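Asker: Residue strings, one per chain:
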Amino acid sequence: MAPRHLCAMVLCELLASRGWLMMLRGMSRRLVNPSLKRKRPETDSPGLVDAERAILDSIKGKKDLGIWARDIKQETKLADHVVNKSLKSLLAKKLIKEVVNIQNKGKKHYMAVEFEPSKEISGGEWYVDGNLDKELINVLKQLCLRYLRTQKVATLDGVYNDLKKNRVVTFDISNQQVSEILNSMVLDNDLIEVKSTGLGDYHSIPIGTVCYRIASAAGVAKGPKVGAFASIPCGACPRINLCTPNGVISPGTCVYYNKWLSIDF
Amino acid sequence: MVSLHGVQLATHLISSFYGDLCSKVCECLLRRGTLTLAQIIRFTELSRENVINCLRVLIHQNCVQAFAIQQEGAFGEAPRIITQYMALFDNMIHKMRAPKFMQIVSEELGKDVGSSDVHVVRESFNRLLIARFIERCPAPEPFLAPPADGETPAKKRGAKSAKIGEERQTTEQRALAAAAPMDSMRFLMEMDDLSEEKSEECTNSVTVGEKRKQDVLKSDEDVLDADKKKEVLWRVNFEELVRRLRHKACISYVKTRINDEAAIVLSAMLELSRHSETWQKAENSAYLSINAIYDEVIKKEGGLGMDFERIRASLEQLGCQCLETGVESVVLRRYGREAYRIFRLLSKAGRFLESDKISDTTFVEKKDTIKILYKLWKDDYLHMEKVMTSGAKQSLFLLWRVNKEPLREHVLDEMYHAALNLRLRIAHEQDKGKEILQLPREKLVGELEKRYKLLGKVRVILESSLMNLDEAIMLFHDF
Numbered sequence: 001m002a003p004r005h006l007c008a009m010v011l012c013e014l015l016a017s018r019g020w021l022m023m024l025r026g027m028s029r030r031l032v033n034p035s036l037k038r039k040r041p042e043t044d045s046p047g048l049v050d051a052e053r054a055i056l057d058s059i060k061g062k063k064d065l066g067i068w069a070r071d072i073k074q075e076t077k078l079a080d081h082v083v084n085k086s087l088k089s090l091l092a093k094k095l096i097k098e099v100v101n102i103q104n105k106g107k108k109h110y111m112a113v114e115f116e117p118s119k120e121i122s123g124g125e126w127y128v129d130g131n132l133d134k135e136l137i138n139v140l141k142q143l144c145l146r147y148l149r150t151q152k153v154a155t156l157d158g159v160y161n162d163l164k165k166n167r168v169v170t171f172d173i174s175n176q177q178v179s180e181i182l183n184s185m186v187l188d189n190d191l192i193e194v195k196s197t198g199l200g201d202y203h204s205i206p207i208g209t210v211c212y213r214i215a216s217a218a219g220v221a222k223g224p225k226v227g228a229f230a231s232i233p234c235g236a237c238p239r240i241n242l243c244t245p246n247g248v249i250s251p252g253t254c255v256y257y258n259k260w261l262s263i264d265f
Numbered sequence: 001m002v003s004l005h006g007v008q009l010a011t012h013l014i015s016s017f018y019g020d021l022c023s024k025v026c027e028c029l030l031r032r033g034t035l036t037l038a039q040i041i042r043f044t045e046l047s048r049e050n051v052i053n054c055l056r057v058l059i060h061q062n063c064v065q066a067f068a069i070q071q072e073g074a075f076g077e078a079p080r081i082i083t084q085y086m087a088l089f090d091n092m093i094h095k096m097r098a099p100k101f102m103q104i105v106s107e108e109l110g111k112d113v114g115s116s117d118v119h120v121v122r123e124s125f126n127r128l129l130i131a132r133f134i135e136r137c138p139a140p141e142p143f144l145a146p147p148a149d150g151e152t153p154a155k156k157r158g159a160k161s162a163k164i165g166e167e168r169q170t171t172e173q174r175a176l177a178a179a180a181p182m183d184s185m186r187f188l189m190e191m192d193d194l195s196e197e198k199s200e201e202c203t204n205s206v207t208v209g210e211k212r213k214q215d216v217l218k219s220d221e222d223v224l225d226a227d228k229k230k231e232v233l234w235r236v237n238f239e240e241l242v243r244r245l246r247h248k249a250c251i252s253y254v255k256t257r258i259n260d261e262a263a264i265v266l267s268a269m270l271e272l273s274r275h276s277e278t279w280q281k282a283e284n285s286a287y288l289s290i291n292a293i294y295d296e297v298i299k300k301e302g303g304l305g306m307d308f309e310r311i312r313a314s315l316e317q318l319g320c321q322c323l324e325t326g327v328e329s330v331v332l333r334r335y336g337r338e339a340y341r342i343f344r345l346l347s348k349a350g351r352f353l354e355s356d357k358i359s360d361t362t363f364v365e366k367k368d369t370i371k372i373l374y375k376l377w378k379d380d381y382l383h384m385e386k387v388m389t390s391g392a393k394q395s396l397f398l399l400w401r402v403n404k405e406p407l408r409e410h411v412l413d414e415m416y417h418a419a420l421n422l423r424l425r426i427a428h429e430q431d432k433g434k435e436i437l438q439l440p441r442e443k444l445v446g447e448l449e450k451r452y453k454l455l456g457k458v459r460v461i462l463e464s465s466l467m468n469l470d471e472a473i474m475l476f477h478d479f
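For the protein sequence lines, the chains are A and B, in the order given. Just so we're aligned: 9 in UniProt numbering is position 9 of the first sequence, and the numbers increase by one with no gaps anywhere. Just so we're aligned: 75 in UniProt numbering is position 75 of the second sequence, and the numbers increase by one with no gaps anywhere.
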């Protein structure tokens, strides 16, 4: 199989696994539709003791922000062992769930099952269990680059439509998400952002529309003269502020210079 | 004021070329600003004779400019005229660019400008003048008239000078302007050597390839030979040489960053603007019509066949991103790729951004984002402000931005530091290998030959790096 096809297959498999996970999440959202809650509002907490009810009310009150265990204790004024026991019971009854709070991953954060964590807690669409989903981001970047290599220039809509049309992405990805991916690639200097002039390569794109093209191969560090400082040890040195002509760190004794000049000690 | 490492580099250069005493005087002027002779003697703790000799050398070499100013008398005394001396930092740094300047001159005019035959010298002189590589010397001691009653010099010169700030800086700029020959005279060759244009004719400086010595006289006339016969003296026009180097670097940058066509257009534009009477700074370049650019472009190799539409497209892409790219390169190498993304975001935004927004846009974990931002801030690459929101729940927000002008000065200072380090390392390697370098060729065999070759290789790496860094310094300094 040609490497290109193999690569595409690997990408699809990875996305499929992501898509599968995303579908499950979506399903779980549909499964916990509050319709059940609406049907029997007074029985959503059957068999709860007072303490559990109080704690559940406290957690539900925070909706999609959730609440930290210690805050529950402060709010309900219940003893620690009572709160802990109640939380275990509520978890077992699937009335509440533990979520990761990206602001403080070490602390246990609780939320009622009918809510999804807000962006403030989860970190947003690009976060999974409190961590940035770097694998997904990299895959999407590669897909965008693959499309842009076949075009001299492309708009956001062009890239988005390509991803949707070729069904390489098995989950719902928004135009906004593709825009975020492209912008991060501009920041990485993999792409350059330009505005259409309506001429030449831009003839089919309305004037003023934001477009993207692959950045030139010269890149950043290989640029002439302006990269000259970065290409010597001083440019990369984290100790330049401590370096003096006759100090402990000095050009005469610098280990980075020795390595650069391939001089033996 | 000159930055810390700028002072160190300039002092080191003066020491290399003219000795430690001159470097002491130079350092004193760079650190303390414009001073009188008496003040220089007091601060350097050198003898009067030594200070006078050093000032004479530094003035001859265009590293110091003298000017006369009226000082108000104390306790009812009449005002008197005093002479002050100011350091010319740029000209000191130019000392390390002499080989580069010689290369530009020989590329344009050939190698025979150094001949001693009088006819060849005169012919070479004319060619240097036409190319504007040499210019008339400034006046040795222009007099600055006191400002009109009720006005400070800053107010008198208007909003632009008010922006500059302190009165002392305005005085120095006035001194340079007063010393400079008139634009119409600057490159004008007189038939005889006498010139009557200005009473403060330059009586000292360097003629092409020669030094002049002055007789020792009293007071500040010891330094400035007021009685010498007035004659036109000439010096190297650094402004033109730096402009050529800057243009070359810009064209090369554009060729790499955009494409050949954009480089051709820029080259044509720069050629057209070269002989206009404009200041060196990019923002004051003359505007050029598209027709003039087109006419010039089609003369260039590769330019024939370019039409207006392609020129327009190229011009649209031409933006001077030299400085930003240089700083970004440093951030990438020193702090890593995530820091590079963060820095580029803030640089492009040009305003404050909050930490979470930065994290979301750059796809960097929130905790890592904060660490990177603090590191960049600690090293003066970013500006930070804290905002506390009041209300039911108090929250602390950290806002970050790139301040371009302070950053440019900071990076320029680091580049001066690096240039000084390269020079010191070159000297260090020379010193370490002096025994081998002094050996006759026939003895350089085996291990000695290996070490000799290594010394040569090291020297090439260091000197070529210094040349490249120096061109980047020129770009940073002038933009």
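Wrong hints could be hidden among the right ones.
Unchecked claim - So the derived label-pair ranges between C-beta atoms look like this:
#: 1; chain 1: A; residue 1: K119; chain 2: B; residue 2: M1; range: 45 to 55 Å
#: 2; chain 1: A; residue 1: I249; chain 2: B; residue 2: N403; range: 24 to 34 Å
#: 3; chain 1: A; residue 1: R239; chain 2: B; residue 2: S464; range: 18 to 28 Å
#: 4; chain 1: B; residue 1: I370; chain 2: A; residue 2: H81; range: 56 to 66 Å
Stated by the list, open to error - Covered stretches of chain B (chain A as the covering partner; in silico rule of three or more C-beta atoms under 8 Å from a C-beta of chain A):
#: 5; region: 325-335
#: 6; region: 414-426
Think of the hints as simulated: they come from the structure by calculation, not from any bench. Quantities reported herein were computed from a predicted structural model and do not represent experimental measurements. Positions of the beta carbon are idealized from the N, C-alpha and C atoms, including for glycine.
Asker: All hints are to be evaluated individually against the structure, with a verdict given for each.
Answerer: Status of each hint after checking the structure:
no.: 1; hint: K119/A <-> M1/B: 45 to 55 Å; result: 48 Å, holds
no.: 2; hint: I249/A <-> N403/B: 24 to 34 Å; result: 28 Å, holds
no.: 3; hint: R239/A <-> S464/B: 18 to 28 Å; result: 24 Å, holds
no.: 4; hint: I370/B <-> H81/A: 56 to 66 Å; result: 36 Å, violated
no.: 5; hint: 325-335; result: holds (count 8)
no.: 6; hint: 414-426; result: holds (count 9)
In summary, the structure is inconsistent with hint 4 from the numbered list given earlier, while agreeing with all the others.
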